[in-house]
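Below, each chain spelled out in residue letters.
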Amino acid sequence: MTVRAVLGRLSPAPELILIVVLLVVASSSLLGKSFDTTIRLGLVYLLAAIGLFVFAGTSGVMPFGQVAFMAIGAYAAAIFRIPVNVKSFEMDGAPSFLVSVHLPAVVATVLAGAVAALCAGVIAVALMRMSGLSAGLASFAVLVMVQVVASNWTEVTGGTAGITGVPRSMDAVTGTAWVIVAVVVATAFAASRHGLRLRASREDEVAVRSLGVGVVGQRTMAFLLSAFIMGVAGALYAQQVGSFQPSSLYLDITFLLIAMLIIGGFTSLSGAVVGSLGLTIVAELLRQLEKGPDLFGLDLPSIGGLRDIALSVLMLAVLVLRPGGLLGASELCWTRLGLADNVSTDRSVNPPMEGVHSHASPPTSP
Amino acid sequence: MTPLLQHVSDAATTGALYALFALGIGMVFGIMRLVNIAHGELIMIGGYTLVLTSSWPLAVRLLMTVFMVVTVAVLMEAVVFRRVRAATATTLLVVSFALSFGLQNVVQAAFGARPRGAVVSTRLGTTWMLGGVRITVLSIVTVVTTGVLLVLLAFFLRRTDFGIWMRASAEDFGAARMMGVKANSVVATAFAISGVVAAATSILLVSQTGQVSPTVGVSAMLFGLVGAVVGGLGSLPGGVLGGFLLGVATVVLQIILPIGLRPYRDFFVFAAVFAVLAFRPGGLIAAAGSRTRV
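These protein sequences, in sequence, are chains A and B.
So in our numbering, spot 191 of the first sequence is number 191, and the numbers just go up one at a time.
So in our numbering, spot 281 of the second sequence is number 1281, and the numbers just go up one at a time.
The shape of chain B in the complex, shown without the other chains (with noise of 0.2 angstroms):
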């Protein structure tokens, strides 16, 4: 029983995680159509924040990473999608992923290709014996990190005005326009929204691995983007669900895998990705805007 309950407590620390990327990744693509690979250097940004700040007191770091992050999200929009809001979807993807490149590439001739260690807190650390179960506080602050911020983001489109606004322009971008809503303002929002996201997640990221590289955003983009899409791009609900049915399956492979083909577990989760969306190619929860309609 207690290793179960160690095995539950340790994939529901990872889907937390995964759906925290997920849901960035998501969050952009629901108001834009645009997958933004130039995410995952959003978490890095982050993480090299935490690193360079790493004598200031902690609320400060955060802080401060948040405000980088939403800064740089922001800018992203500003001075590199606004441009080509109106191209095809694969042009944003390539414009994105150029985006991505480049500024890895920068943050690498700055800082160097060698990771560089980075502590958030040492409390973070400290394990708790629960009922024969051993959990960090960091999955804790983990699971619940992602369940107030899905709340807050819940509220926040759902209860206010401005949230409504970003949700009629992820179903319908022209329609929403002609009824009054900013455009400019809607997708904004949405980057700056999916900034505070990606600092979240670079924080508790660097927390878990203790290191920042150029690369550190690329698989947590990856893994976002896979868990959004399984999940059903364009639903937010979905994109978390499938972020986090994704962290789930990582871990729940890697214990029910034999030794052998433990190394093998990618394989597997993608094998189960592709399947997913060979039965259901909307995703899990498709959204109501991204059915055809014949």
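Only chain A is shown next, with the shape it has when bound in the complex (with noise of 0.2 angstroms):
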């Protein structure tokens, strides 16, 4: 097979990769060192739309409180970081062995991932048994109960407080990195039989059923997963702020991110990956203009929250006037583009099948 051929059956990885390190590469070189945390940020909030993207955009079931995992990734990879001396002080109370174990940045964030998962499957017995609006309520549900643990456990989590002295060490390399694997896994999962399986119960849940599908077990597959990248996220996002509170990772996060995929398109990785970077870059053009720049001349005034309405007004009116996202249900498979026998291999392995065109009666069966 050509090259093409190769890359056009991974799409869309390719293509929203190159999109992610271009736009990575161009603004940290092209913009000052004062947009450094927005890039890492907006890397962390991609991560996160991907995570989400998994279990939301395969299953057709939205979880409203997907952060609930971003937020115990958060604080997994906290206690895995701060320096011992520090927790000592900070975790007075805690179990000891959460205040002695230290480990590097790495392995940190992937154990934060899998701590993240853990839970994800502790309650993924209940939860992948219900559909649309209960699941998303129940999921809400989980979300709650982990603010409240998080606001109230003050040995582990430090309470409303929050947390701090997290080393700082994620940079926009280290995203990017984590950037790239999401997106590979999400596309390699989601071209999958069993990312198949659950697209297909997602169009029609009881047709799936009626075939043999487990559909449980599929989603329990995405909704772990999905859990584990927004560990990760969590984790990333620790290591980027330093110090966070249980307020931090709750509504505006989950807004911002189900703002970013419905934006995009919920049902593709490109509209996920595409409404997340959109949103980050229009978020921080908001915030830039908020503080009243000279614009042609005229001396905008500054308005505080200005940001926040104009973001409201323009996900209204791209939700109004297109409903399915800006992308809909396409991926961006350039790749793709021109090579017919390349979309549906099928085709020239599986010609199509005699007698399909003649509509006789079926076989009487004796």
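This list has only true hints and no planted wrong ones.
Derived contacts from chain B toward chain A, CB cut-off under 8 angstroms, selection only:
1. R1083
2. T1091
3. L1233
4. F1274
I should point out that these hints are in silico values taken from the structure, not numbers from a laboratory.
We put the CB at the ideal spot given by N, CA and C, even for glycine.
Got two chains here, each in a separate frame; can you build the complex from them with the hints?
Next comes the structure, spelled out in structure tokens:
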């Protein structure tokens, strides 16, 4: 097979990776140091959006509480990464094994994701049997439960005051690397037979069940994968901001991530990526405008909150004009353009069945 | 015995208030399959109206609050929700989320983020002693208001033509339209009614807490949504029951939890919500049209 054919099979991963890498390189080199935080946080949100897509986009169930796993990952990473002497002061009264554990950055991040996935596994048993709005709200209930624990388990999480002292070791390279991993994993999952079955169940659950597909099992797989990615995103968040409170990873981020998915088109990975990058860029633009720079010689007054209001208006506009999201359900598959034989290799391998055109009566069975 | 009666009275008051939250959310969901996150902002607008009219006579203030909230609710529908009526449930939810966020920020830009004091009526604070139980006038007003609104709504939905059209639309919007029900009127009325409920909620809530802020409606909306879903979205009695039970559960848990676990009260409340949804995904009283028929 040609290189293009190979890339086409991997679509849309190569296109998305290209976009992300180009954007990160361009913004890092063109914009000043003051934008470093924005770029890194943008990568964290992108990773979280991909994590959300892996479950929401494939199964059709919008888990409103998925940020709970981001929070779990963030606190886990904080516990793994804060130096032991700081922890023994900060986490006074916590179990000793939590105070003494200390791991290098990458291991901490992966393990934080694993912890999040483990917690997901515990509730998946009950959650995956639900559908639609009930599932979404049960997921939200989980978010609230995690929030309450984080706000009150003061010995371990610092309570409402939050946790501080996480080494700020996350940089754009780490973020981009994790995003690349997530994009590849998400694409592979969506194209795998598990992903295909899950996406079919999103369209018509009853029909898929009648074909013998264990929808609960497929959903659980997606849920665990999604929780892992969200946990990693949370871990990176912790290592970027250095200190955070329970309220940092609660409703505002939930709204932002869901908005990113919906605006981009939540049934496609490209939609999640485009929505996430788009919203980050627009939010940053609005934040710059809010400061009231000279625009065409006019001195715009700086209105506090202008960014949030404009963001809401923009979201409403996009949703009203394109309810399916900017990309709808289509992926960015540029490598496939002009390669008709590549999109469905099935056709060359499996020619249409004989007798398909004759609408003869089906054979009568004895 | 007396402490028990006191707890019962507290639970009933909180339950009635949460039932009102749930009624507002369930009303619109029943007709449009839309979870109106912005319902919390209707409550907020009602609260700010009370703040801004604090020097006016009480009756005029109450009427003004109802007027403002209903106007905003109907405008919400006409300007935003009507255009996305055909979208998926999740898109509608995000639209209402964006609207809620936008309204909060507009009010914050106009009035600031700090809470503002608001007094509805000092007479509401007076306490009566009934057989050893301390009851405030506000508690009685809350329970009575909720009851009256429910009865009025039930009468409207069951005995009037318009109410029957609304119930038909809630069960099957498309079929109702084909039968000649005017969709726009039904939807606008549903929003107007939810506005009336929101106005009543805001008056009672502000009376209870004495202050308003841009985020005053958020937790009311959350508890209303949870109550409505647990009770059975799409079924008004179910929603009200769910809200009431949620309110009662919060008070009961506050009482029976050991001191060390009391801060975790919401954890147990939402764990119970999760459990209810796990065993009865349609809610406690599943609505007629909401069960998936295989």
